[in-house]
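Heads up: the protein sequence lines correspond to chains A and B, in order.
So the first sequence is numbered by the numbering used here: it starts at 1 and just counts up by one.
So the second sequence is numbered by the numbering used here: it starts at 1 and just counts up by one.
One or more of the hints may lead you astray.
As the list claims (entries may be wrong) - Here are the computed lysine to aspartate or glutamate pairs in the EDC-like style, where the Cα-Cα straight-line distance is at most 20 Å:
{"no.": "1", "chain 1": "B", "residue 1": "Lys160", "chain 2": "A", "residue 2": "Glu487"}
{"no.": "2", "chain 1": "B", "residue 1": "Lys73", "chain 2": "A", "residue 2": "Glu487"}
{"no.": "3", "chain 1": "A", "residue 1": "Lys651", "chain 2": "A", "residue 2": "Asp676"}
{"no.": "4", "chain 1": "B", "residue 1": "Lys160", "chain 2": "A", "residue 2": "Asp370"}
Unchecked claim - Under 10 Å between C-beta atoms, here's a sample of chain B residues computed to sit facing chain A:
{"no.": "5", "residue": "Ala20"}
{"no.": "6", "residue": "Lys73"}
{"no.": "7", "residue": "Gly115"}
{"no.": "8", "residue": "Leu157"}
{"no.": "9", "residue": "Trp201"}
{"no.": "10", "residue": "Glu202"}
{"no.": "11", "residue": "Met225"}
{"no.": "12", "residue": "Leu228"}
Stated by the list, open to error - Ranges between beta-carbon positions, derived for each pair:
{"no.": "13", "chain 1": "B", "residue 1": "Met211", "chain 2": "A", "residue 2": "Ala472", "range": "54 to 62 Å"}
{"no.": "14", "chain 1": "B", "residue 1": "Met175", "chain 2": "A", "residue 2": "Gly555", "range": "15 to 23 Å"}
{"no.": "15", "chain 1": "A", "residue 1": "Gly438", "chain 2": "B", "residue 2": "Val237", "range": "27 to 35 Å"}
{"no.": "16", "chain 1": "A", "residue 1": "Asn617", "chain 2": "B", "residue 2": "Val237", "range": "56 to 64 Å"}
No wet-lab data here; the hints were simulated from the structure.
Quick caveat, the model's predicted, so the values are computed rather than measured.
For each residue, glycine too, the CB sits at the ideal point set by N, CA and C.
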Amino acid sequence: MPPPSPLPSLNVSHLAISPDLPDFVAFLAAALVAISLALLAVELRRRERDGALILVTGILALVALCLAIARPVRISAREIQIGARVLVLADASRSMALMDGKQSRADVRDRALKEFASNARDTRLSVMSFGEGAPHPWPTGAPMASTSRERQSDLSAALRTIEKSPEERPDAIVVVSDGRLTDPPETATRETLSALVSGLKVPIHSIATTRVAPADASIRAIRTAGAAVAHVPLPVHIEVGCAGDIECGDINIIARELRDDGAPAVLASGTAHLVKGVGAIDLTLTLDRAGNRIVEFAIKPPKGDTIAENNRRFVPIHVTRERIRLLHVAGRPTVDVRALRQWLKSDASIDLVTFFILRTPADDPHATQDELALIPFPVDELFSDHLPSFDAIVLQDFDALPYGLEQHLPGLARYVRSGGGLIMVGGPDSFVGGGYAGTPLADVLPVLLDKSPGAVAVDIAAFTPNWTDEGAATPVLAPFRAIIESELPTMTGANILGDLRPGAVALWTHPSHRTSSGKSMPVLAIGDIGAGRSIALGVDGAWALEYSLLGSQTGARGYGALWSGLLGWLMRDPRYESAQIEVGGCIAGAKSTLRIRTAATTESQAIVVDISRIDANAGDTPIKVEGAIEHGSALIELPPLPSGGYIAKAKLNGATTRQLFACEAGGDEWADTRPDPERLKAISEASGGVFRMASDVTRGIPLPAPTVISQERRVTAVAPPWLWGALAAIALGAHWIARRRGGLS
Amino acid sequence: MIRVRLVILALLSLPRVAHAFGEEGAFDPRVLITGAQTPPKSTGPARWALELSQRTSAPARLQPSVVRASDPKIVDGPFLYWSSREAAAPLTSTEIANLRRFFSLGGVLFIDDSGVNENGQPGPFAASSRREIARVLPETTPIALSPDHVLFRTFYLLRKPMGRVVSASPFEVIMRGGNVQVIFGSIDLAGALARTAMGGWESPLTPGGEMQREQAVRLAINIAMYVLCTNYKDDQVHAPFLMRRRTRLPFGMP
């Protein structure tokens, strides 16, 4: 707040009654004078002579008596006039960057500000910008671009902030804007506007920058819940509009999900029929994959459209799972299978579909089919029609060859790459033993499999797995470690697994077995595969965490914590991510910030984030940005990015975490490019202010009068009190003599 | 693949104390002994494991283990088989504590009275074992098991329990958390399965017949499958198939 700038001072002087008298004395004296005059008039009728003398002496006596009571003083002082405080709220939203011919709305705004300031020299003028939330001091001399980048134009929030501010309240507010405000909305009633401005009790004048709408067809609004449930249809209401010198009939709209594993997937499309430049359409989207998704809505504009940026909008939608839908397939029933099924069934958030192979072609049950409780294994149905409906697949000790799964392995690999989860649990019929080496499914496991003809499938030596550094540090197994205190049970053997695939992380390794590269053989490994994730657990003895002395001591909680962590990581549960990435509202062409949060750590750690496009220009070269994590957090500045969808990937402790985000050129502020001077006019009328167009500012805006402040005040008695008393006594005595002479008592 | 199977079969043939990869989680009809009880010499549990491995895909330990109730290793597996002709001695506090740990992990205990006579009259073990289990799980009460329970359709479709004798009454069970944890039977199931060293059946059946012997084997396999798969056959995906087959079974067929 700028300090008051006083106008030139004036020396003034005036008479007043003695300051020691209370205010009511003046009224009392006036009443007594009135009563005395009335009585004098009555008595004059009874006089015998000298009526004029009696009247004059009576009046003089009353005056002298009043002066004796009032004891007049002279007050002299130096008076200062302080200009009224006028607050200008200038619109700094992105809509001010729109062009009206050769000049932008921001150019007009800045010129209007200058002209208004020159007409308001007798005021204390302060200029603030409004956009999102509270207003900010106007950056004097800043380039136009920096004063038209706010993502909203929330005038209501700015006015409420001023109303609640403990600072001096302005005597008048002047709003300079195009009128296309986020709040109050276009539909606000007069009552709403009155309620908004009534708390301030000051006039709000407004200056509109333009009345001219550009020739533009745009997506004006997309209304949908910000969150969706996977596999559940999500209704979306889309409003499109045309304005300016442009002809619009029907406009086609298409909704596509931007994917980091391939081309955008079309979710829905339709045609909006425009009447009087406005149309709407309802689409239904079904998103299958959980997490933050980016949906692009695009229209094909008619000829003459001058603003291309608002023909495409990006909407982030957080997709959650109502329940995790899991397919659990086991090649034979074992205690390991029992333990996993028991745990999965005990979790109410898991919708479990189970298929166990209870009889192989080699088994003879000595019974007819009708005497058996066995059903055919619907491998084709499960792994083709229903595969997309599952969030994750668990293959436990399952041989791909005898049951026809081999032909579905390419589809299963595609399912993982496009966002699905896969867990392969060990056993004689898992990994190499299950015939997976050299198949498309092997390509989506976090470990390599030996596909040579003589490949050994299992190692039968008993062992206790070792923790890797990554395994000890990962949040995936942190709850598990807290329960078992890093003690792992002895396993009776392991599947032979190869080296880690690039990007994968080993959490447990074999103490003696080495891979072909000489590294410790992974026993438990996790890895990101395209948009999906997979886990390889190369043992079948995890059930020992439940049925053992260790399990008894821990109440079998260790087994549950192990699988909670693995399944949670597979489903991208934030609790098990190595880090969380957030991108603050990205404006195309402007710098933005990316924040990374990790579990609290005091160690400084360098981190590299890869930024890649996932929209139509997905082939563009990825950008690498670097930062340092201090105390569990890093704030990294992103360079200006073009409009589009992006994925940010960061690797921490070997594990990768990612986040989708989008940058828009116009955003909500360019959705409707028409100016709205009528809204500004309505706000001014509701508050008793005036409305002007920017071209008409010179007509003037009524400004409040300055405030007068007295300084160096001096009080001097006109005469001493005894003199006033003596004069009153003399005057009363003269009046008494005149009355006696006139025959009055 | 063939190489893997050969390796495993070779390992199975070796006399090992520890079990090979893939066999640690095999079904083990572990025999429970309490107090001064001596390990039974019945070959019934071994036959149980053999029939399971020959008729189903489930692996089984062909040399079932024996565990004392006082041994902390009682919690090393999800199944125990407790059978005797004699009355069960009162359980010690250690045995009670160990059994409680076993049940707290979800273990299943099959108590079978091998002293039941030809008329179905239970031996002294039946009542004494119930008395001792009541001390282990005092807050529970045995209930009759419905013929519709998943135990009777985990692999074979069965109607009622049969062993060396045909039970006049259904199984009674103790259920906890929706799962069967204790099965009380008086059918001498191991007696029906046991064979002599010469390969013949160890005990005659009452009333008798190969059908009864087959039904006993099927019940043993269903119990093993219940231990390994729990209520898998209760999953909705199986319901329409099994309902149709149930209706096709002839009246009176077990």
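Each hint tested on the structure:
1. Between the alpha carbons of Lys160(B) and Glu487(A) the distance comes to roughly 45 Å, so the proposed pair goes past 20 Å and is violated.
2. The suggested pairing of Lys73(B) with Glu487(A) holds, with an alpha-carbon distance near 18 Å, which does not exceed 20 Å.
3. With a C-alpha separation of about 48 Å, the suggested pairing of Lys651(A) with Asp676(A) is violated against the 20 Å cut-off.
4. Among the hinted pairs, Lys160(B) with Asp370(A) is consistent with the structure: their alpha-carbon atoms are about 17 Å apart, no more than 20 Å.
5. Taken as an interface hint, Ala20(B) checks out: its beta carbon lies about 5 Å from the nearest beta carbon of chain A, inside 10 Å.
6. Given hint, Lys73(B) at the interface with chain A, holds; its Cβ is 7 Å from that chain's nearest Cβ, closer than 10 Å.
7. Taken as an interface hint, Gly115(B) does not check out: its beta carbon lies about 29 Å from the nearest beta carbon of chain A, beyond 10 Å.
8. Hint status for Leu157(B) relative to chain A: holds, with the closest Cβ pair at about 5 Å, below 10 Å.
9. The beta carbon of Trp201(B) is not positioned within 10 Å of any beta carbon in chain A (closest approach about 16 Å), and the interface hint is therefore violated.
10. Interface restraint check: Glu202(B) against chain A, minimum CB-CB distance 20 Å, threshold 10 Å, status violated.
11. The beta carbon of Met225(B) is positioned within 10 Å of a beta carbon in chain A (closest approach about 7 Å), and the interface hint is therefore held.
12. For Leu228(B), the shortest C-beta to C-beta distance to chain A is roughly 4 Å, which falls under 10 Å, so the interface hint holds.
13. Between Met211(B) and Ala472(A), the C-beta spacing of about 59 Å keeps the proposed range 54 to 62 Å intact.
14. The beta-carbon spacing between Met175(B) and Gly555(A), approximately 20 Å, falls within the hinted interval of 15 to 23 Å.
15. A beta carbon spacing of about 32 Å between Gly438(A) and Val237(B) agrees with the range 27 to 35 Å that was offered as a hint.
16. Taking the beta carbon of each, Asn617(A) and Val237(B) are about 45 Å apart, not inside 56 to 64 Å as hinted.
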